[in-house]
Each structure stands twice: as C-alpha cells, then as structure tokens.
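Chemist: Please put together the full structure from these sequences, using the hints given.
As a plain string of letters, each chain reads:
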Amino acid sequence: MKPLEAIRWRFIHERKRSPFFAFVFLGGCSSLRTDIGFDYTSSPVGIFDGNILWEEDAWMRVDRRIRSRLNTNPRWFLRAMASCRKLLARRIVEWSAAAKREHSVAALPARFEHYVNSLLGFGAFVSWPAILQGPLEEVLHNELAKRFGDAAEAIYHTVTDPIDPGPSVYERISLLRIATGKGDAKKRERSIIRHSERFGWMKNVGYFAEWYPLDHYRHELERVRKDDPADALREGIAEVAAKRRRFSAVLRRIGSDIRLSTYVRIANEAVSFRSFRSELYYASYGPMRPLLSAVANRLELEPQDLVYLMPDEILRAFRTKGLGALEKIGPRRHSYVFASKPGFRYVIRAGADAATLTATVLGRLRSDDGDLVVRGQPAFKGKVRGRVVIIRSLDDLARVKRGDILVSHATNVNYLPGLRKAAGLVTEEGGILCHAAVVSRELRIPAVIGTGNATRALSDGQLVDVDADAGSVIPVRDARKHGRRRG
Amino acid sequence: LVKSLREIDLADVAMVGGKGAGLGALIATGVRVPRGFVLTTPAFRAAIQKSAVGARRVGPTPRAVVDALASAVPALRARSFAVRSSANLEDGAESSWAGQLHTSLNVTSVDIVEAVRKCWASAFAERTLAYARDRRTRDLLEVAVVVQVMVPSTVAGTAFSLNPVTEVSEIVIEAVYGLGEAAVSGAVRPDTYRVDKKRLEIVEYRPHQQERCLRAMPAGGVQWAVLEKRKRSRPVLSRTAVRRIAASVRQLEKAFGYPVDVEWAIARERIFVLQCRPITGLSNQPRRLKR
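Chains as they are written, first to last, in this note's numbering: chain A, 1 to 487; chain B, 1001 to 1291.
To be clear, the hints were calculated from the coordinates, so they are not data collected in a lab. There could be a bad hint or two in this list.
Keeping only pairs whose Cα atoms sit at most 35 Å apart, straight-line, the calculated DSBU-like set for lysine-lysine is [as the list claims (entries may be wrong)]:
hint: 1; chain 1: A; residue 1: Lys226; chain 2: A; residue 2: Lys182
hint: 2; chain 1: B; residue 1: Lys1231; chain 2: B; residue 2: Lys1050
hint: 3; chain 1: A; residue 1: Lys401; chain 2: B; residue 2: Lys1118
hint: 4; chain 1: B; residue 1: Lys1050; chain 2: A; residue 2: Lys381
hint: 5; chain 1: B; residue 1: Lys1050; chain 2: A; residue 2: Lys421
hint: 6; chain 1: B; residue 1: Lys1003; chain 2: B; residue 2: Lys1231
hint: 7; chain 1: B; residue 1: Lys1003; chain 2: A; residue 2: Lys381
hint: 8; chain 1: A; residue 1: Lys381; chain 2: B; residue 2: Lys1231
hint: 9; chain 1: A; residue 1: Lys383; chain 2: A; residue 2: Lys401
hint: 10; chain 1: A; residue 1: Lys226; chain 2: A; residue 2: Lys243
hint: 11; chain 1: B; residue 1: Lys1197; chain 2: A; residue 2: Lys383
hint: 12; chain 1: B; residue 1: Lys1231; chain 2: A; residue 2: Lys421
hint: 13; chain 1: A; residue 1: Lys381; chain 2: B; residue 2: Lys1198
hint: 14; chain 1: B; residue 1: Lys1197; chain 2: B; residue 2: Lys1231
hint: 15; chain 1: B; residue 1: Lys1198; chain 2: B; residue 2: Lys1254
hint: 16; chain 1: B; residue 1: Lys1118; chain 2: B; residue 2: Lys1050
hint: 17; chain 1: A; residue 1: Lys421; chain 2: A; residue 2: Lys401
hint: 18; chain 1: A; residue 1: Lys182; chain 2: A; residue 2: Lys243
hint: 19; chain 1: A; residue 1: Lys86; chain 2: A; residue 2: Lys182
hint: 20; chain 1: A; residue 1: Lys86; chain 2: A; residue 2: Lys226
hint: 21; chain 1: A; residue 1: Lys421; chain 2: A; residue 2: Lys381
hint: 22; chain 1: B; residue 1: Lys1197; chain 2: B; residue 2: Lys1254
hint: 23; chain 1: A; residue 1: Lys383; chain 2: B; residue 2: Lys1198
hint: 24; chain 1: A; residue 1: Lys146; chain 2: A; residue 2: Lys187
Modeler: If you want it as structure tokens, here you go:
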C-alpha cells in the first residue's frame, strides 16, 4: 500500500461499477487529457455523477476546453471519433484471432497485459460522449434556434437520432434475412451458427461475458419464421433508409453553413458512436472470453469476479498462485474507494476501510488543510481527544500526563508507566495481536495500531481525536473552540 | 532441579511456573512443541539471597544448578536455544504478564547460564515490581526457566482463536518473515489473515510489505536484517499454511476450553507452537491493570 499522504485525491468511486471500470474510465480521462490538453490535477475533489467524486473546477475546465474547440476546430471531433472507431474495430479482430489460438499457461501474463493495455486505450470511448455531450448539445441548440426558430426543436430531434442504427438493429435484420433466405435446413443451420458467432455477445450486459447460446437463436429463428419475415425485413430496411433520408434533408436545409453542418454531423456521430462504442466495448469481452476464463481458472476465481481486481493485482496473483485475490474481492463487491495518483498509480480501499477513507477525505476537504492522514488498525475501540506525546526514547515517558495520547513507533513493557496515564495509544508498527494492542485492551484505552506515519504526521502537544472505531487519528482544527473531552 | 517438558502437567505450576506448565499442557494436546526442559523454582530459590534489609537479589549460581544444566542441555542435541522466564504467577487467565520477564533467543550452549541468570534477575527489575504492585500481588514471585530448542523460523507470528477487537469468534493470524518476536513486540506490521473458524477459509487477507525481519544469527543472538526484495510483496503464508495454523489454533482452543493466544513458528515446513495462553483484555473479563 502506498503512503496515503503521497496521493492526490482525484477520483473516488463507490460500488455501482467495478473498480476495473473506474480504472479504465480514468485511463480514458488520461487519454482525453492528452488529446485536448487539459489539466485536472490541480484542484480538490468535486462531485460528479452521484457516485464519482471528481474535481469540480477541473470539470469546468474540461467543459471550457471542449467549448472552445467546438468553436475553433469542430472537425477535430469528427476525425477523432473516426479514428477511435477504426482502432476499436481493429483491436476486436486482433483479439478474436488471439482468442482462437490456444492460450498457453506461460503466455498468459503477457497476453493479459496486452489485453489490459488495449482496454485502457478504450477508456477514451467510455469517457468521451459523457464529456462531449453537455457542451455540444448546448451549442447545437443555440445554433439551430438562431437559424430555424420554432422548427429548431424538431430538427434537433432528427439530427440526434442516430443514422447508424447499431448492432441490435443489425442483428434483427440479419435474423430476418436468414428467415427469408432460400436453401434447405442445413444451409439455414450454418447461417444461424454464423449469426450467433456474430451477435452472441449482445447478452453481455456488464462485464459478465455471457453469450446467447446457439439455441437461443434457433428458437428466435423459429419464432420469426412463423410470422411474416419478408414483410418485417422490408419494414426494417425501410426504417433505416428513412432515417438516412431525413438526416440528408436536414443537411440540405442547412446548405452552405459549414460550421452548423459540422455540428450536426458531430452530434449524430456522437450519439451513434456512444451506442457503437459501448456495444463494441462489451463485445470485446466476447472474443476475450477464453482468455478471461483461463485467467480465472488459474486463479480459482469466477470469470465475472475478475473485474473486481486491478490488472496489476491479477498479474501479481499469477505469481502468488491466487492467494490474496479472493480475499480482496468480497469486500469490494460491497463497496470500495478508488483513488488515483498521477500516472496511473492508484489505491483501492474496500469494505469498512472504504467508508472510513471517504469520511477522512471528505473531512479533510471540509477542513481545507494539508494534514497527513494517520490511519491504522483499531486494537481497542473507542473515541478520545487528547494532546499528543511522541515517545522516541524511554525518557519521553516522564512527559506523559493523564489524558494524553501516547504516540510511538512500537511499545514494550517499559512503556507501561506511561501507558497507564495515557488516554489513547497510536503506534506506527505492529498488528492487532502485538504487545501494544494487547496492553491497550488490558488497559481499556482506545488504540490505533500500525499507522506507519504517526510520529512524523503528528507533532508534540497537538490536540487530536483518536477514533479507534474507524482506526484514524484526526487533528482538531481549532483547539480553542473545543475543550479537552477527557483528561 | 530440571524437569523435561514432556513430564510436566498443569499441577506442577508452583515448580515449573506458568509458562512451563502451559508448555507441558500444550504437548499433551498433541501439537508440535520444540523440545526442552524447565529449570524449576527450587533452583531459583537456591540462587537468590536476601540482603540486610530483606530485599531479594540473585547470588552466585549454585554448583548443583550448573551441573544440572551441563547434563540437560547437551541432551537436547541442538546448537542454540530459547531461554524464557516462567514465573509462578505468570500466564494465568487473569493476567498476561506479557513480556514482563526476561527472554533470550538463539542462545548458544556456552551462554545458557548467563541467560538463565538474566531470567532470574528480571524478577527483581523495577518494572516487574511495579507490575506486581499494580496487580496487588501478595504472592511471592518465583521464576523457573524454560530452555527450549531454538526454532530458526522462516516465517512466524501470533494467532488468536477470537478476534480481540470485535470479539467475533474467528481466527486471526498475524505473520511475519523471520522470527515471531518481530510480530509479538509490534516492531513491524504483519500480514493479517482472518479465518473462518468452521470452514478454515480465509475471510480477509490484509497484506503489508515487510521491510526488515528478525534473524537468528549463526554465532548466537538475533539481529534485524533487511528482507529480500522479492519476498516483500508476497503473502507471508500460503493458503495451506494458513489452514494448518488455523486448525492447530482451533484444536488448542477446544483442548483448553477458552479463547487462546498462540505464538507459532514455521521451520522446514513444520509448524511449531511456541506458546499458548488465554486471551486477555476481553470485555467479559475484569480490568487487568489499574489506571
């Protein structure tokens, strides 16, 4: 675990989505940062999306950047989206081919690393539309209203209806084609197998990498054939064509206004891109499924549990034969906090730790200070406020007065006279079964053990709250307002 | 004056001290305990003198004691030993006396007498007297000495049969590389495993990157050493080792009938139990120490 004080709290995420998602999302934001050239590291945390804490100022800055680029160089977005599509499609083909080859156990870590890197590249696809949408819609609305007045609203709806209908429509049309196609049962069987290979991933909601079985499509085919498949097919194709026509009509009405027509194109592309990339993003798990289950098998986990582990944790788990991996997953499924440092380094806290950490970070933000976080394991629970006495040698023990908080590297039997007077105990090293912990329980004093930094983070005479229920030590901001609770 | 650990049972407390009696009972439960013997309290009595004002102190080592050690130590057929105090008042369910009395680790046979004298002397140390005063102990403190074969552990630590913080009935294991003293004293942060008592499965694993470890030196004594880089980020215990330790702890709790605090060590893939005593400081027990 990296020392907490070194971390700039950029991104906190609880439950709802997997930590892996958070990781990839962050990757997307990083690549967006490179592309648009904004900096979101210099402000404290703000709130975004209800469950993601995000730097509010930074968010505003991104927004401003996007607006200004929409003003100066809107075509950039079209180019960027086109290259994203190409990259995605190429990677999927690559993975499908890799998945067909046998995964030797030795090659697994390397293959996995490649897979993760690709996904991180895809992070861009997760974060893009969410960030682009707000400014774009606003700009588009304004421009259309200026040009078309009352008709603007209808035109807006037309241009934000994706002309690329997306995989679910393609799947439907493909099935109808098989149903109406000529040929015997044998040929139809071959087609349906191909069809299931192409669209089986669509059941893949979330990251669970489940495919519709072939039987599902056989059944669907039977059902479709009972109705009038030819009619449905005609209707479907006509619907897609009508969308294209309506869109072209709008473009014609806009005519020679290149700026406005570019906005319209971006909007339409962004909308279809959003469904395209998310569907392909999930699709990528299809071809990767054999690899994922090979990884899961080796670590004795369920494939869907893999998303609760970070890529480097999985790579480490390869070395340790899975020990430690399973234990991490349980609490993370309940809740977790993901915090990143610049350059893709991060920490994850799960379970009760997550709650404490969120409270700590929010507490720190409220008090608007740069104090180090002092956190360890509770050895004897309880809360107490007192003044810090740091024990560096046995001579310091004489300075301990009744009600003080004894802070030291570790303790031994010689500390007993000081401990008997102390109202709380904080150590840097040790676990909940060590000497300091045992004595704190015998003396019934709240104790936080193994903080790693207490003697550096706290200073002599400082007034602190020892919260041994949560395992944290929090400096009291304004000492004059609060009297000493004990002592 | 000397009694083999194998011949001891709990009734011998007055003679072999709490720790010695505990080890005898421990052997009886069937777990693996390092070979050893106890230098009994009569030896302690023979060695102490009373000063003019009635205070007790350690006098010259009696000839009989030296002779007894001279025959008992080579019989253990080992190069180094752990020499621990075992007081008649120690390790009762009422107080842990944790670390009050002297312990020497990795003692070579030539230094045994010196280590024994240190154990005796610790009975008269200021901190011991203060502890005894706190506990309003009226009984006379007498110190027997346990001499055991040193376990040069690769990994070691402590284990409780009950989570002492939450008081949930589960097994908590703390493990470090090197000697277990590093974990017991709290000088390093250990890897912590919480284990389900019924299924013996790990409920939570809390790793910590250990940077230094305590090693038994070939010439005797122990020393802090920098832990090899490749070991730091690895779990100290394998899943199997955790299960084996947890099983022993469960077995011990059942045998003794109360929640136990166990020190264990692993050397050459074998698990040794070094100590087993009741967990102190639980909420249903009276407060141990006066504030």
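Chemist: Failing hints, ascending?
Modeler: As far as the earlier hints go, 2, 4, 6, 7, 12, 20 and 24 are violated by this structure, in ascending order.
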